[in-house]
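Engineer: Given next are the chains, with one letter for each unit.
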Amino acid sequence: MIRILNALLFIGILLFVGACDLSDCLPSPQGGGWFTCIQGTIDSSGNIHDTPVTLFLDPGMPGNVSHRSTGASLIDCTPLDLTKQGQRGGQGSQLAYFSKPHAAIQVPYLPSTVPFTSQPVYGVKDRGAASQLQTGVYPPPTLLALPFEPLRAQTQVSNPLTDCDPSSPDILQVNQTNNTVTRVGTCPVAVKAVISVASRPIEVELTPDARTALVTSYDNVVNFIDVASNSVIFKFTTDSTVNPSGIAIAPDGTRAYITSFNSSNGAVLAIDLGTRSIIATIPVNAFPQSLFMTPDGAQVYVTFPLGNAVYVIDTLTNRVATTLSITAPYGIGFSPTGTKAYITSASGSPGSVVVLDTATYTVVKSYPVGVSPFAIAVMYGGRYVIVNNFGSNSVSVIDTVTDTVKTTDIGGAPLGISFVQ
Amino acid sequence: MRTAFVLSALLVASAWAQQPLVYNRAVVNAASFVPQGIPGGGIARGSIFSIFGNRFGPASGMQVSAFPLATTLGGVSITITQGNTTVNAIPLYASNTQVNAIMPSNAPLGMASLRVVNGAIKGNPVPVRIVDNAVGIFTATQAGVGPGILQNFVTADNQPINAPTLTAQAGQVITLYGTGLGPAPNGIDTTQPTASNLPTPVEVFVGGKSASLLYHGRSPCCAGLDQIVFQVPADAPLGCWVPVFVRTAGATVSNAVTMAIQSDTSTCSEPLNRLASAIVNGGKAGAFVAVRASTHEDIGTRSPIDVTVDYHAAILYDMKSSLFPFNAAVSLPPAGTCTTYSVAGDLLAGDLLPGGVPSARLLDAGPAFNLTGPRGARTLTSVVPPYRIGYLGGAITGNLFPGTLFLDPGAYTLSGFGGADVGAFQASLNVPQPLTWTNRDQIMTVSRSQPLTISWTGGTDQQVGIVGFGEDLPTNASTSFVCVAQQGSTSFTIPPYILSNLPATRRNILQSKSVIYFVSVPRSGATPFTASGLDAGVAMFAYINGKTVVFQ
Numbered sequence: 001m002i003r004i005l006n007a008l009l010f011i012g013i014l015l016f017v018g019a020c021d022l023s024d025c026l027p028s029p030q031g032g033g034w035f036t037c038i039q040g041t042i043d044s045s046g047n048i049h050d051t052p053v054t055l056f057l058d059p060g061m062p063g064n065v066s067h068r069s070t071g072a073s074l075i076d077c078t079p080l081d082l083t084k085q086g087q088r089g090g091q092g093s094q095l096a097y098f099s100k101p102h103a104a105i106q107v108p109y110l111p112s113t114v115p116f117t118s119q120p121v122y123g124v125k126d127r128g129a130a131s132q133l134q135t136g137v138y139p140p141p142t143l144l145a146l147p148f149e150p151l152r153a154q155t156q157v158s159n160p161l162t163d164c165d166p167s168s169p170d171i172l173q174v175n176q177t178n179n180t181v182t183r184v185g186t187c188p189v190a191v192k193a194v195i196s197v198a199s200r201p202i203e204v205e206l207t208p209d210a211r212t213a214l215v216t217s218y219d220n221v222v223n224f225i226d227v228a229s230n231s232v233i234f235k236f237t238t239d240s241t242v243n244p245s246g247i248a249i250a251p252d253g254t255r256a257y258i259t260s261f262n263s264s265n266g267a268v269l270a271i272d273l274g275t276r277s278i279i280a281t282i283p284v285n286a287f288p289q290s291l292f293m294t295p296d297g298a299q300v301y302v303t304f305p306l307g308n309a310v311y312v313i314d315t316l317t318n319r320v321a322t323t324l325s326i327t328a329p330y331g332i333g334f335s336p337t338g339t340k341a342y343i344t345s346a347s348g349s350p351g352s353v354v355v356l357d358t359a360t361y362t363v364v365k366s367y368p369v370g371v372s373p374f375a376i377a378v379m380y381g382g383r384y385v386i387v388n389n390f391g392s393n394s395v396s397v398i399d400t401v402t403d404t405v406k407t408t409d410i411g412g413a414p415l416g417i418s419f420v421q
Numbered sequence: 422m423r424t425a426f427v428l429s430a431l432l433v434a435s436a437w438a439q440q441p442l443v444y445n446r447a448v449v450n451a452a453s454f455v456p457q458g459i460p461g462g463g464i465a466r467g468s469i470f471s472i473f474g475n476r477f478g479p480a481s482g483m484q485v486s487a488f489p490l491a492t493t494l495g496g497v498s499i500t501i502t503q504g505n506t507t508v509n510a511i512p513l514y515a516s517n518t519q520v521n522a523i524m525p526s527n528a529p530l531g532m533a534s535l536r537v538v539n540g541a542i543k544g545n546p547v548p549v550r551i552v553d554n555a556v557g558i559f560t561a562t563q564a565g566v567g568p569g570i571l572q573n574f575v576t577a578d579n580q581p582i583n584a585p586t587l588t589a590q591a592g593q594v595i596t597l598y599g600t601g602l603g604p605a606p607n608g609i610d611t612t613q614p615t616a617s618n619l620p621t622p623v624e625v626f627v628g629g630k631s632a633s634l635l636y637h638g639r640s641p642c643c644a645g646l647d648q649i650v651f652q653v654p655a656d657a658p659l660g661c662w663v664p665v666f667v668r669t670a671g672a673t674v675s676n677a678v679t680m681a682i683q684s685d686t687s688t689c690s691e692p693l694n695r696l697a698s699a700i701v702n703g704g705k706a707g708a709f710v711a712v713r714a715s716t717h718e719d720i721g722t723r724s725p726i727d728v729t730v731d732y733h734a735a736i737l738y739d740m741k742s743s744l745f746p747f748n749a750a751v752s753l754p755p756a757g758t759c760t761t762y763s764v765a766g767d768l769l770a771g772d773l774l775p776g777g778v779p780s781a782r783l784l785d786a787g788p789a790f791n792l793t794g795p796r797g798a799r800t801l802t803s804v805v806p807p808y809r810i811g812y813l814g815g816a817i818t819g820n821l822f823p824g825t826l827f828l829d830p831g832a833y834t835l836s837g838f839g840g841a842d843v844g845a846f847q848a849s850l851n852v853p854q855p856l857t858w859t860n861r862d863q864i865m866t867v868s869r870s871q872p873l874t875i876s877w878t879g880g881t882d883q884q885v886g887i888v889g890f891g892e893d894l895p896t897n898a899s900t901s902f903v904c905v906a907q908q909g910s911t912s913f914t915i916p917p918y919i920l921s922n923l924p925a926t927r928r929n930i931l932q933s934k935s936v937i938y939f940v941s942v943p944r945s946g947a948t949p950f951t952a953s954g955l956d957a958g959v960a961m962f963a964y965i966n967g968k969t970v971v972f973q
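Residue numbers (the working numbering), protein chains in the order written: chain A, 1 to 421; chain B, 422 to 973.
Incorrect hints may have been included.
Simulated restraints, written as ranges between beta carbons of each label pair [what the hints assert, rightly or not]:
no. : chain 1 : residue 1 : chain 2 : residue 2 : range
1   : A       : Asp403    : B       : Thr951    : 53 to 61 angstroms
2   : B       : Leu826    : A       : Lys406    : 26 to 34 angstroms
3   : A       : Ile279    : B       : Asn509    : 43 to 51 angstroms
To spell it out: a stretch of chain A is covered by chain B in this simulated footprint if at least three of its residues, at any positions, have a beta carbon under 8 angstroms from a beta carbon of chain B; those stretches are [said to hold, decoys possible]:
no. : region
4   : 293–300
5   : 352–361
If you're looking for bench data, these hints aren't it; they were derived computationally from the structure.
Glycine residues also receive a C-beta, built at the ideal position from the N, C-alpha and C atoms.
Hey, can you work out the whole structure from these sequences and the hints?
Structural biologist: Right, here's the structure in full:
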């Protein structure tokens, strides 16, 4: 609550100083939420099966997560054997490897049960708005955070259980064990397509125009999926020493960056999406896992959960700008202005979210969250940070304004996360 | 949590501990500090720019002292690389945390990579946008806003820097100091410049009026430093903070600075600005305002939404006088003119303008004030003590919760109960019917290269202001403009040079904030009040009517 003078110019006109942050003034109406991936499946009758499922969580009030899909406990699924990929043992780290944020989806509310039955959904990865399957001029409707209004205003939905927005974007989910990518509609929630890709797919990312989805396959391939036809239109085969893992796409859509997740040839590769060729190979330490592009695209952050480091790469020169020592970093979420990076650190119990000042590359704060925090998403203009605590079956909501953390048990091990505004 | 923070802080350390570290987005024009995400925020060839960071080199600052200049100062050098081309910038000042340097006149245009080198240790690469020309005007506040470094020409031996107490008059010759007029004519930046006009087309706007130019080129004293000599237009408005802009090549606009213009040589005056005197001369002043602010959001929303808020704010302070007084909240442009602020940060989410918070001692006026009106009495509690700012009510169309608006039209009484510095007082104010912004809903896409006219009806007994915000979130860059309409007018046209530094609204509208506000202060809603311990006091009501737009 330090938006004391954010209306300075109004104040100037009025010959006074002051403004009110209405997040402290008005009750926050319900609205928004996020998707998360939990190890278990709920059928249309509410029964649980042993395959994972994507659930919608309605936060209601921030920090007060409501579990809208089922009240029953969920079943842990068996972690995949990734020893050949150099992953360290342990359920958390292995599963986290696949647990990335989903796409942002505009769905005010979903039915009380999610109509998945047996569709395997082992891992999910999208990152924020860039991963939405929406081709309109503008992304899903939202309200600006202006000086004189609530941060979270939403019009009333006449029937919140059925009045989801048919224009809501779809999400893509990577299914590693059967080498497919599932396209899931969100209004209503339904599987729209299952797309075969090269073996051991890891992460998916959409181009900014939402026409192409790129999927890394650990076995030396980057798959180009045409979103309109739900088909792989090109398989970019890398050198056999390259094991594609993490992926990030520049905001202008001209380049993709992938990590090569192995011990002997750790690298970040820049791919020109126009010519579909590698334009830079940036050597880094072993096992670079995931990539997170800053909002302006000037830098890409690389996490090394096994190497306890984060690298910052300058995308203009494709050189490592600096490196940071952070223990067991997995997910990174940036504030909308890119001035802060929220990094999950799965070291210790509980784990933490480290807040990095991206101007000076210094840690300015740390929040204790749950055990093995992996996926992370920044919501509502940077006010809330949502963290999946895989190891403690919970979700933490960090309120960056009040500087508080609320952790809520959700009954299953959360993997991915998806911001719905 | 504190323990966790300390532990995490210890865990984080750069692996390249000795490497010079240029902070992110920390390469800016040395005069304006305008971020590179703003259209006018490029670094011009031949201009002086600043680099902020750490481990640059000299523990105490070093400065060049003689020509020719070198490409190394105190072991610090700067490389600019684009593809296979690398040039060296010319350092003028170097300390461990800041370097000021000249961008070489032969630097490649477009995006390039900058590195600070300390001895043999190369720093991190950072992007820099190099342009042919982009002027930054130096300011007395050294913050890129407020009174500019503008010399009033009196005689050859008497050229004081313009200030509210050292005003200029129409027709007077002024020397403006800035940097960014363009590359040196001979391409050499290391020798003492010779006085000659540079080829870059230059315009100077003083209070919205185009000024006649007498010179625009390098200062003969200093490499990288530019002088623009102009005459104050005969029809320039009077005031303490008349905005001054430089536009180069018909396209790139500088930061706005201010100058004081008076009809004679006396201290400037601001007859419409009740608090200006306290800023200029110092004094104890108090202001209370009740506001009804409504924003119409129809860009990027499923359907239009109107958000209305009533709130109150008051400030009572003891302001000390200074030679270059400026406060963005109070130092308004004269009626009929506009000014701009281009800064790093998100102004609509709490980041502040330089000089925005009064550097004055707040006065103790006792417990919370009381406001009584048609809907009863309210105690005006603050949400951000010690500032007296709070919420009175709100409403959102179609919201789940009922509206709680308080400031209905009618008569109100403000009561203060007295404190250590200010005595008890009472003030009356009236909330009239609002003006109507007649073309609000027609303004959707705003071309930044065309004039924008705002029209209204509902009477001429109101002081109208137009305020706009353009924010580019991914680059953390914001521009806001403030225009003050002439009293009695029913429209105001914002010139393109005011709009030109607004960042374009992105296709992904979530990454931009683009809003225009129509502000009206009814004269009948503003009343002076007196209290012991105050030199001046005013209580007033205002309407703010906003709309989301797309800046194109």
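Engineer: So, for every hint listed, does it hold in this structure?
Structural biologist: Checked hints:
no. : hint                                    : verdict
1   : A:Asp403 x B:Thr951: 53 to 61 angstroms : violated, 42 angstroms
2   : B:Leu826 x A:Lys406: 26 to 34 angstroms : holds, 31 angstroms
3   : A:Ile279 x B:Asn509: 43 to 51 angstroms : violated, 27 angstroms
4   : 293–300                                 : holds (count 6)
5   : 352–361                                 : holds (count 7)
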